[in-house]
Each structure stands twice: as C-alpha cells, then as structure tokens.
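S.K.: Given only the sequences and the hints, what does the whole structure look like? Please build it.
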Amino acid sequence: MNVIEVEGLSKTFKFYRKPQGLSASLKNLWRRQIEYKEAVKDVSFSIEQGQVVAFLGSNGAGKTTTMKMLSGILHPTQGKIKVLGHTPSEREERFKKRFSILMGQKHQLWPDLPAIDSFTLCQRIYEIPTSLYKQRLARLSEVLSVSHLLDIQVRRLSLGERMKMELIAALLHGPELLFLDEPTIGLDFLSQRAVMRFLQQLVKEDNLTILLTSHNMADISALCERVLVIQNGQLIFDDGIASLQNSLGGLRRIHIESETPLHSDLLRRYGKVINNDIHRAELEVADGAANQVLQQLLNEIMIKDIRVSAPPLEDSLERLYSHQGQVA
Amino acid sequence: MSKYKWLLGMGLQKALAYRINYAVTIMAAVFPIALQWVLWQAIFNYTEADQLYGLSYSEMLSYVVLAALMAQALRTGFEYEMAEDIKSGGLNRFIVQPLSYFGFRLSVFIGTNLGYFVATLAVMAVALWVAVEYWTLSIELAHIALFVLSAIGAFFLQFMLFYLLSLTAFWLHEVWALFESVRVISLVLSGGVVPLSVFGESLEWWLSLLPFQYLIYFPLQTLTGVLSFEQIFFGLLLQFFWIGGLMLVISTIWRRGSRSYLALGG
Numbered sequence: 001m002n003v004i005e006v007e008g009l010s011k012t013f014k015f016y017r018k019p020q021g022l023s024a025s026l027k028n029l030w031r032r033q034i035e036y037k038e039a040v041k042d043v044s045f046s047i048e049q050g051q052v053v054a055f056l057g058s059n060g061a062g063k064t065t066t067m068k069m070l071s072g073i074l075h076p077t078q079g080k081i082k083v084l085g086h087t088p089s090e091r092e093e094r095f096k097k098r099f100s101i102l103m104g105q106k107h108q109l110w111p112d113l114p115a116i117d118s119f120t121l122c123q124r125i126y127e128i129p130t131s132l133y134k135q136r137l138a139r140l141s142e143v144l145s146v147s148h149l150l151d152i153q154v155r156r157l158s159l160g161e162r163m164k165m166e167l168i169a170a171l172l173h174g175p176e177l178l179f180l181d182e183p184t185i186g187l188d189f190l191s192q193r194a195v196m197r198f199l200q201q202l203v204k205e206d207n208l209t210i211l212l213t214s215h216n217m218a219d220i221s222a223l224c225e226r227v228l229v230i231q232n233g234q235l236i237f238d239d240g241i242a243s244l245q246n247s248l249g250g251l252r253r254i255h256i257e258s259e260t261p262l263h264s265d266l267l268r269r270y271g272k273v274i275n276n277d278i279h280r281a282e283l284e285v286a287d288g289a290a291n292q293v294l295q296q297l298l299n300e301i302m303i304k305d306i307r308v309s310a311p312p313l314e315d316s317l318e319r320l321y322s323h324q325g326q327v328a
Numbered sequence: 001m002s003k004y005k006w007l008l009g010m011g012l013q014k015a016l017a018y019r020i021n022y023a024v025t026i027m028a029a030v031f032p033i034a035l036q037w038v039l040w041q042a043i044f045n046y047t048e049a050d051q052l053y054g055l056s057y058s059e060m061l062s063y064v065v066l067a068a069l070m071a072q073a074l075r076t077g078f079e080y081e082m083a084e085d086i087k088s089g090g091l092n093r094f095i096v097q098p099l100s101y102f103g104f105r106l107s108v109f110i111g112t113n114l115g116y117f118v119a120t121l122a123v124m125a126v127a128l129w130v131a132v133e134y135w136t137l138s139i140e141l142a143h144i145a146l147f148v149l150s151a152i153g154a155f156f157l158q159f160m161l162f163y164l165l166s167l168t169a170f171w172l173h174e175v176w177a178l179f180e181s182v183r184v185i186s187l188v189l190s191g192g193v194v195p196l197s198v199f200g201e202s203l204e205w206w207l208s209l210l211p212f213q214y215l216i217y218f219p220l221q222t223l224t225g226v227l228s229f230e231q232i233f234f235g236l237l238l239q240f241f242w243i244g245g246l247m248l249v250i251s252t253i254w255r256r257g258s259r260s261y262l263a264l265g266g
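Protein chains in written order, with our numbering: chain G, 1 to 328; chain D, 1 to 266.
Treat the hints loosely; a few may be bogus.
Quick list of in silico lysine to aspartate or glutamate cross-link-like pairs, DMTMM-like style, CA-CA up to 20 Å [unchecked claim]:
hint, chain 1, residue 1, chain 2, residue 2
1, D, LYS14, G, ASP238
2, D, LYS5, G, GLU127
3, D, LYS14, D, GLU81
4, G, LYS82, G, GLU282
5, G, LYS14, D, GLU81
6, G, LYS304, G, GLU284
7, G, LYS97, G, GLU5
8, G, LYS106, D, GLU48
9, G, LYS106, D, GLU81
10, G, LYS106, D, ASP85
11, D, LYS14, G, ASP117
12, D, LYS5, G, GLU5
For each label pair, taking beta carbons as the anchor points, the in silico distance ranges come out as [claimed, not checked]:
hint, chain 1, residue 1, chain 2, residue 2, range
13, D, SER88, G, VAL273, 46 to 54 Å
14, D, GLY9, G, ILE152, 51 to 59 Å
15, D, ALA177, G, ILE152, 34 to 42 Å
16, D, ALA34, G, LEU29, 41 to 49 Å
17, D, SER88, G, GLY21, 25 to 33 Å
18, G, SER221, D, SER181, 55 to 63 Å
19, G, ASP151, D, LEU210, 21 to 29 Å
20, G, ASP42, D, GLY244, 38 to 46 Å
FYI, nobody ran anything at the bench for these hints, they're computed from the structure. Beta carbons are placed, not taken as given, at the ideal position from N, Cα and C, and that holds for glycine.
M.R.: Next up, the structure:
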C-alpha cells in the first residue's frame, strides 16, 4: 500500500528583490519588482508503507518545501498529493492524527515548562486514552533514557536531551508516518547515534514509514533503504541506496596501512590514489578489479591492515549534483 | 472539546500566577480615572451647567470611572503573540496538529482573562455601590442582570475584533503601529474615554453602525438605565450579530491568509 503518492507537484513562491541602499528602498515603495521562484518543479514519487526514505539535496533544493506540502503546511501551486489517503492541504483532523512532523530547528515543546506538561498537552490534543498514553510515554522515555528528565524545564536540558523529548512528543499519538527534517542537526555524535538507533528500532517494531532529510550521510546509510535526491526543485534520483553508490560506476575504495613507506608511484599502477600519508593510503579501483589488486598489493607491500569499502555517499551525491548542474 | 477546556484551565492557571501583574494594571488605571475626574469637575464648575451632553455631574463621573474599568476588563494582548506566530512560522505547529488555532486562542483568552474580567466586574460593583450611596444614583436589578449579559457579549466581541486585527499579520510585516492605533481608536469609539453622546448626535448615529459601541458604551447605557428594555434587547441582538458576523469574516480571511502563508523558518 502506498502511504505517499505525489504526482506533478510544483510550488512557486512570489518574492520581491530590494537592491542595497536607501534610494532603492524608496523606489520599492512605488514599484516593487515581483519575481517568482519555482521551489519545486513537477515532482512525482510514491512511498510504500514501512519504507524509510532519505530525501536529499543541497540547501534550498526544495526538500523542506516538499515536506511542508506533504504535511499540509503549504498549499501546492500545482499537482496532486495523497498522504495516507488524505489530501494534506485540506488539513483534516483525522489526517493530522496519523502522522507527525519533526523539524530539527523548530520546537513544539514549551521551553518554560517541563517536558511532561507538553506531553500532557499532546495527550489532550490528540485525545490519547490515558492508559495508552502512559504506556507509550514509559516506553519512549525508557528507550531514549530520559525518564529522569521529564520534570525539568525544557530550556534547562541539553540539545540532545531536548531533541529526544521532541521525538517523544512527535511519537506519543502513535503516528503511522513520520516526517523528519534534519533530526540530528546540532547533536553530538553520541546523541546522533542514540536517536538513529532508536528510529531503527521503531521502524522494525512499529512498521513506521519515515521520510527523512539530513545532511548527515551516516544517518542516511544507517537508516534508509531508498534515496530521493532533489536538485533545483526537480527530482533527479529515486532508487535504492546501493544504486546511488553504484551510480559512481561501480567503484571500490581500498584502505591500506603499512609498516613500510607507501609510494604513490607504486600505488598509481593499481588505481587512483585518493590520499597517501606514507603509512596509510586510500586507493580507488574499479569494482571488478578489487580482488586482483588486493592480491597484488599483499604480494608487494608489507601490509599491516587492509580493507575494502564502497566510496562514501557524499561522493556519489557530489557527482550527481554537479552532473545535474551541467545539464541545467 | 475537552482539549479546549483543558487549555482554558491552563490559561486560568497562568493568569493566577500573574495576579500581582493584574493588581498593578488596575492600580495604574487609577491615574487616567483621576485625571478625568479633575477634568470633568473643572468643566462642570466652569460652565455651571446641570447637565452636559445629557448627563449630570454625578452621571458623567460614574460613567467615566465605569468605562475606564470596563476597558480594563476587556484588555487583550494575544494579538502580538498571534502576529509572532504568523510571522515566524509558529503556526506550523497548529496546522499539523489536530488543534484549531481559533479554538486555541479563544480558550487561552477566556482562561487568562476570565479572572481579570470577573475581578474587574467586582471592582465595578464596588464603584457602583459607592455611586449609588454617595450620589443616590438609582440602579435597577434587572439592568444589572442585562448589563452582565452585554458585558459577556462585549468580552467575546473584543476577542473577535482583535483576532481579526491580528490576521493582518499574514500580509503586513510590521504590525505594531497598526495594533496600537487600532487599540486607541477602538477605545475612543467604544466609549471607553467619554460617552459617545459627547461627539454629537450625527456622529453618534454613524458610530452606531460600527461594532465598537457594543464594547463599552452600550453595556454601560444598559446598566445606568438610559435605554428602554426594547432598546436593550435590540442592542443585545445587534451585539450578537456582530460577534457572529465577525466570526464569519475571520474564517474567510483565515482561509485566504493561510493559503498565502509562507511557513517561514525550519
């Protein structure tokens, strides 16, 4: 079953330009130059129940705008959206009770109150039966290990703790669909990991559907099976995460650590040298050649440690973005 | 429904926490009242008139005091919070949660202001009692009952007016000047400073076409027995229509505004 269906979605923003200086401000009083920006252009995709999908793109590519349209915050200029069978821009109560949206930079908890008070408000707003509410709150706060912080003013919590509280607030009503916009922004890596591990568990146990934007590739590769890439408002990639990595043309990275100095001249014979700091080097080779290169390297160099990996996702993305830039 | 009741309770709790704040504002209202008192005393002494604009000295003074208190009872403040919500994207939360923004604002308004409203009515009752004793002003019980009814109407009418005003933040980026001007104009046009009869008959007639007089002038006229029962019922009906009419306008404007809403931030 498709949880999200998007067809030909577009959003155009109207804005004014004001050149620097007072005279320009005065001119603007009389006549303002209206310009239009197509933030999202003719985007179509669908997401099945239980899928965890990453939504990638550089700043201003249209990710957040799309998410806002999917959650009903913004009205689309054109196109059709069905989310959980509803049209989001109609903003029906029944629809709102079935999803949650969490924006890393926007908070729904009241900073002056302890989190528990905001949770009670959530219970009221979503009309969650008390027993179910207590059960969910106990489980979520235990898994995220914040049970002892519930009665502390939210503004006194650390960023990571606050994010965990926001997650709890977003999940108390048992949503089937979760929009996460930069959920780990500003968190240290321990908190990032805790949040990601928790989301993984949630997906497994509750069959939750998640659409996630993040600039953190570790988040993406840990959690997502599928990647949507948006660039200049257009969808330029929609496939599994493995195929995004393969989009580089099936490359492999060989990481070598050696007792003896490594010479780039020698390494260059096997593949492209990504970096080399004498005792440690990284080599890029074609997927099919990796085996052969490994054997030859083992014969020629005193190797302390050697390991093969896929090139980082960032590389695939960078190539995807720049390629698209050339086309446009 | 229960969520709005709960929000109302939260608002009431907040108001109780800030009760000192309220006492201070009531005290502060003493100064403009004293100023008017001195002013009208001087005018009556100077002109040596028995009546000015159809009101005797004692009637004028009690009107001025009661009107100032009534204006206190109707104070708002949520319009700035609303403008901020609209401007900085705080509305997003309400759009994605099953909670109506109008319902939220109304519940919190009732919750926070109910205490002030009742307390101010009590202060007014004391002032009235003093006036009745001191100036032998006659007030009928039926008029007091009808006044309470019209005061409750004024409470909701005030909410509608300022809610509607706040919606301008969808299109305007700086609202402070507008809010303050409307607050002052509304205070004058509602009879919160002087009785509307002061403005002359023709202007008073024009003002009767606006909703403002149902905030202060009409309730006080009801109280002091200037109006016949027929006029009072007619006035209550019009007040009710203004509340309903403004609600319709609000929902239309809200629909248009939230369509053009940019959902900034995040």
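S.K.: Now tell me if each hint is right for this structure.
M.R.: For each hint, the structure was consulted:
1. LYS14(D) - ASP238(G): Not satisfied, since the Cα-Cα distance of roughly 50 Å exceeds 20 Å.
2. LYS5(D) - GLU127(G): holds, 13 Å
3. LYS14(D) - GLU81(D): holds, 15 Å
4. LYS82(G) - GLU282(G): Cα-Cα ~46 Å, so violated.
5. LYS14(G) - GLU81(D): violated, 26 Å
6. LYS304(G) - GLU284(G): Since the Cα atoms of LYS304(G) and GLU284(G) sit roughly 19 Å apart, the hinted pair holds (cutoff 20 Å).
7. LYS97(G) - GLU5(G): Distance of about 19 Å is within 20 Å: holds.
8. LYS106(G) - GLU48(D): Given that 20 Å is the threshold and the Cα spacing comes to 65 Å, the pair is violated.
9. LYS106(G) - GLU81(D): At roughly 17 Å apart (the allowed maximum being 20 Å), GLU81(D) and LYS106(G) satisfy the hint.
10. LYS106(G) - ASP85(D): Satisfied, since the Cα-Cα distance of roughly 12 Å is no more than 20 Å.
11. LYS14(D) - ASP117(G): holds, 13 Å
12. LYS5(D) - GLU5(G): violated, 37 Å
13. SER88(D) - VAL273(G): 46 to 54 Å: holds, 50 Å
14. GLY9(D) - ILE152(G): 51 to 59 Å: For GLY9(D) and ILE152(G) the Cβ distance comes to about 23 Å; the hint is violated.
15. ALA177(D) - ILE152(G): 34 to 42 Å: holds, 40 Å
16. ALA34(D) - LEU29(G): 41 to 49 Å: holds, 44 Å
17. SER88(D) - GLY21(G): 25 to 33 Å: Given a distance of about 27 Å, which is inside 25 to 33 Å, the answer is holds.
18. SER221(G) - SER181(D): 55 to 63 Å: At roughly 57 Å between Cβ atoms, SER181(D) and SER221(G) fall inside 55 to 63 Å, so the hint holds.
19. ASP151(G) - LEU210(D): 21 to 29 Å: For ASP151(G) and LEU210(D) the Cβ distance comes to about 50 Å; the hint is violated.
20. ASP42(G) - GLY244(D): 38 to 46 Å: The hint (38 to 46 Å, Cβ to Cβ) holds, given that ASP42(G) and GLY244(D) are roughly 44 Å apart.
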